[in-house]
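Chemist: In case you want the letters, here they are:
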Amino acid sequence: MIRSEILRDIAPIIRDHLVVCNIGLPSQELHAIDDQPTNFYMLGTMGLASSIGLGLALVQPKTVISIDGDGSVLTNLGTLPTIANNVADNFILLIIDNGSYGSTGDQPTYAGKKTSLAAVAQACGCDNVVEVQDKDLGPALQTAIDSRQMTVIVCKCDSGNIKLPVITMDPVVIRDRFMKAVAR
Amino acid sequence: MSISKKLVDDLVANDVSFITTVPCKQLAGVIDEVEARSEIFHIPANKEDEGMGLCAGAYMGGKRSAIIMQNTAIGVTINTLATLIQFYRMPLPMLISYRGELREPVACQVEMALHTKALLAQMHIPTYHFHGESDAAEFDAILKYTFMCNKPVAILTDASFWGGYGDQ
Chain Z
1 MIRSEILRDI APIIRDHLVV CNIGLPSQEL HAIDDQPTNF YMLGTMGLAS SIGLGLALVQ
61 PKTVISIDGD GSVLTNLGTL PTIANNVADN FILLIIDNGS YGSTGDQPTY AGKKTSLAAV
121 AQACGCDNVV EVQDKDLGPA LQTAIDSRQM TVIVCKCDSG NIKLPVITMD PVVIRDRFMK
181 AVAR
Chain V
1 MSISKKLVDD LVANDVSFIT TVPCKQLAGV IDEVEARSEI FHIPANKEDE GMGLCAGAYM
61 GGKRSAIIMQ NTAIGVTINT LATLIQFYRM PLPMLISYRG ELREPVACQV EMALHTKALL
121 AQMHIPTYHF HGESDAAEFD AILKYTFMCN KPVAILTDAS FWGGYGDQ
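As you go down the protein sequences, you meet chains Z and V in turn. Under this note's numbering, the first residue of the first sequence carries the number 1, and numbering increases by one thereafter. Under this note's numbering, the first residue of the second sequence carries the number 1, and numbering increases by one thereafter.
What the hints contain is simulated information worked out from the structure, not anything from laboratory work. Among the hints, a few may not be true.
Within a straight-line C-alpha distance of at most 25 Å, the following computed DSS-like cross-link-like pairs (lysine-lysine) qualify [to be verified]:
{"hint": "1", "chain 1": "Z", "residue 1": "K114", "chain 2": "Z", "residue 2": "K135"}
{"hint": "2", "chain 1": "V", "residue 1": "K117", "chain 2": "V", "residue 2": "K144"}
{"hint": "3", "chain 1": "Z", "residue 1": "K180", "chain 2": "Z", "residue 2": "K62"}
{"hint": "4", "chain 1": "Z", "residue 1": "K180", "chain 2": "V", "residue 2": "K117"}
{"hint": "5", "chain 1": "V", "residue 1": "K144", "chain 2": "V", "residue 2": "K6"}
{"hint": "6", "chain 1": "Z", "residue 1": "K180", "chain 2": "V", "residue 2": "K144"}
{"hint": "7", "chain 1": "V", "residue 1": "K63", "chain 2": "V", "residue 2": "K117"}
{"hint": "8", "chain 1": "Z", "residue 1": "K180", "chain 2": "V", "residue 2": "K25"}
{"hint": "9", "chain 1": "V", "residue 1": "K25", "chain 2": "V", "residue 2": "K117"}
{"hint": "10", "chain 1": "V", "residue 1": "K63", "chain 2": "V", "residue 2": "K5"}
{"hint": "11", "chain 1": "V", "residue 1": "K144", "chain 2": "V", "residue 2": "K5"}
{"hint": "12", "chain 1": "Z", "residue 1": "K62", "chain 2": "V", "residue 2": "K63"}
Restraint-style ranges between C-beta atoms, simulated for each label pair [what the hints assert, rightly or not]:
{"hint": "13", "chain 1": "Z", "residue 1": "D9", "chain 2": "V", "residue 2": "R89", "range": "51 to 61 Å"}
{"hint": "14", "chain 1": "V", "residue 1": "K5", "chain 2": "Z", "residue 2": "Q149", "range": "43 to 53 Å"}
{"hint": "15", "chain 1": "V", "residue 1": "N150", "chain 2": "Z", "residue 2": "V87", "range": "44 to 54 Å"}
{"hint": "16", "chain 1": "Z", "residue 1": "D9", "chain 2": "V", "residue 2": "E111", "range": "45 to 55 Å"}
{"hint": "17", "chain 1": "V", "residue 1": "N46", "chain 2": "Z", "residue 2": "A119", "range": "17 to 27 Å"}
{"hint": "18", "chain 1": "Z", "residue 1": "R15", "chain 2": "V", "residue 2": "S160", "range": "23 to 33 Å"}
All values reported here derive from a predicted model rather than from experimental measurement. C-beta atoms are modelled at their ideal positions from N, C-alpha and C, and glycine is treated no differently.
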């Protein structure tokens, strides 16, 4: 499965939770598949989906799912020790690991070569790290949500993209709509 | 009252309850004070752009946040300031140690000091420079201004403000 198929698969599971979605195609895909006020779309700033999600999870009780990619976690690898040492049991970091920088033309990442992000997360001190294959993500994600334990999920999948328009919603509108959904 | 305590008192009085820090020798006292306060969730970051992501998340969760960092971080965070904090219009007080100014013992620090105010001006970031201890009297008003206008605001604090570098 490619990322857009995975997002379609898990859309019913994440719909009722706060979602911070990574820059580029992941946000465009989620926006096209199931736009929700509870989705925060990153329009820039590669690498910070996990940091934004952790900050959000630490200050309020609702479940927060950061949908990140292997390339952007590699961009901000310092996020994993911060996550491990500041446990928010309402936080799930979902790394969709297709071994490539999808939004920029599928250049290979080191996570698709020798580097295991699950092993890195464990070495950083993250207590609940799960590596799953694309088709098994739905149940694993639901289990993580229900467990109320901070979980890092690394979902291995194929690289590949679908053609979608960019998100034209104004960033302040995205942010304001999201903050109202958080406060609701 | 120590200057660190005064600054943190002002942060608390302005409902700032989530603070991320990347250390600098000059900021050690204020970071200790942040860590000691029960009203503040202190989360050290490994890099300043990561810290700004944490602050953005906390802000969207309904908490006022702030970052404490060195001026070298302006070089690290230009993209994050432009595409996250400014693009989504979020308030972010940035309490910054202004290394490379008078009394600086480390030559390399001067290199980023030369660019600090120019970069902040280029980014249209309101910038205040604390040089003498009495300058800290404005901190409360600067925080109120930050949360009024929903912008990142820089407070540069130089070595003279902190009383020099001791015996280095």
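Chemist: All the hints need checking, so say for each whether the structure fits it.
Modeler: Now for the hints, and whether the structure bears them out:
This hinted pair checks out: K114 (chain Z) and K135 (chain Z) have alpha carbons roughly 23 Å apart, not beyond 25 Å. With a C-alpha separation of about 22 Å, the suggested pair K117 (chain V) and K144 (chain V) falls inside the 25 Å cut-off, and the hint holds. Note on K180 (chain Z) and K62 (chain Z): the hinted pairing holds, with a Cα-Cα distance of about 13 Å set against a maximum of 25 Å. The straight-line distance between the Cα atoms of K180 (chain Z) and K117 (chain V) is roughly 36 Å, outside the 25 Å bound, and the hint therefore fails.
With a C-alpha separation of about 15 Å, the suggested pair K144 (chain V) and K6 (chain V) falls inside the 25 Å cut-off, and the hint holds. With a C-alpha separation of about 23 Å, the suggested pairing of K180 (chain Z) with K144 (chain V) holds against the 25 Å cut-off. Between K63 (chain V) and K117 (chain V), the direct Cα distance comes to roughly 28 Å. Violation of the 25 Å bound is thereby established for this hinted pair. Distance check on the hinted pair: K180 (chain Z) and K25 (chain V) sit about 39 Å apart at the alpha-carbon level, beyond 25 Å; violated.
A distance of roughly 21 Å separates the Cα atoms of K25 (chain V) and K117 (chain V); the hinted pair therefore holds under the 25 Å criterion. Distance hint between K63 (chain V) and K5 (chain V) is fulfilled; the C-alpha atoms sit about 21 Å from each other, no more than 25 Å. As the CA atoms of K144 (chain V) and K5 (chain V) are separated by approximately 18 Å, the hinted pair is consistent with the 25 Å bound. Only pairs whose Cα atoms come within 25 Å are accepted, and K62 (chain Z) paired with K63 (chain V) is accepted, the gap being roughly 14 Å.
The supplied range of 51 to 61 Å is broken by D9 (chain Z) and R89 (chain V), whose beta-carbon atoms lie about 34 Å from each other. Between K5 (chain V) and Q149 (chain Z) the beta carbons are some 38 Å apart, a value that contradicts the proposed interval 43 to 53 Å. Range check, N150 (chain V) to V87 (chain Z): Cβ separation about 30 Å, and the 44 to 54 Å hint is violated. Roughly 50 Å separates the CB atoms of D9 (chain Z) and E111 (chain V), a value that falls within the hinted 45 to 55 Å.
As the Cβ distance of N46 (chain V) to A119 (chain Z) is approximately 19 Å, the hint placing it in 17 to 27 Å holds. Taking the beta carbon of each, R15 (chain Z) and S160 (chain V) are about 55 Å apart, not inside 23 to 33 Å as hinted.
Of the hints listed earlier, those the structure fails to meet are numbers 4, 7, 8, 13, 14, 15, 18, in rising order.
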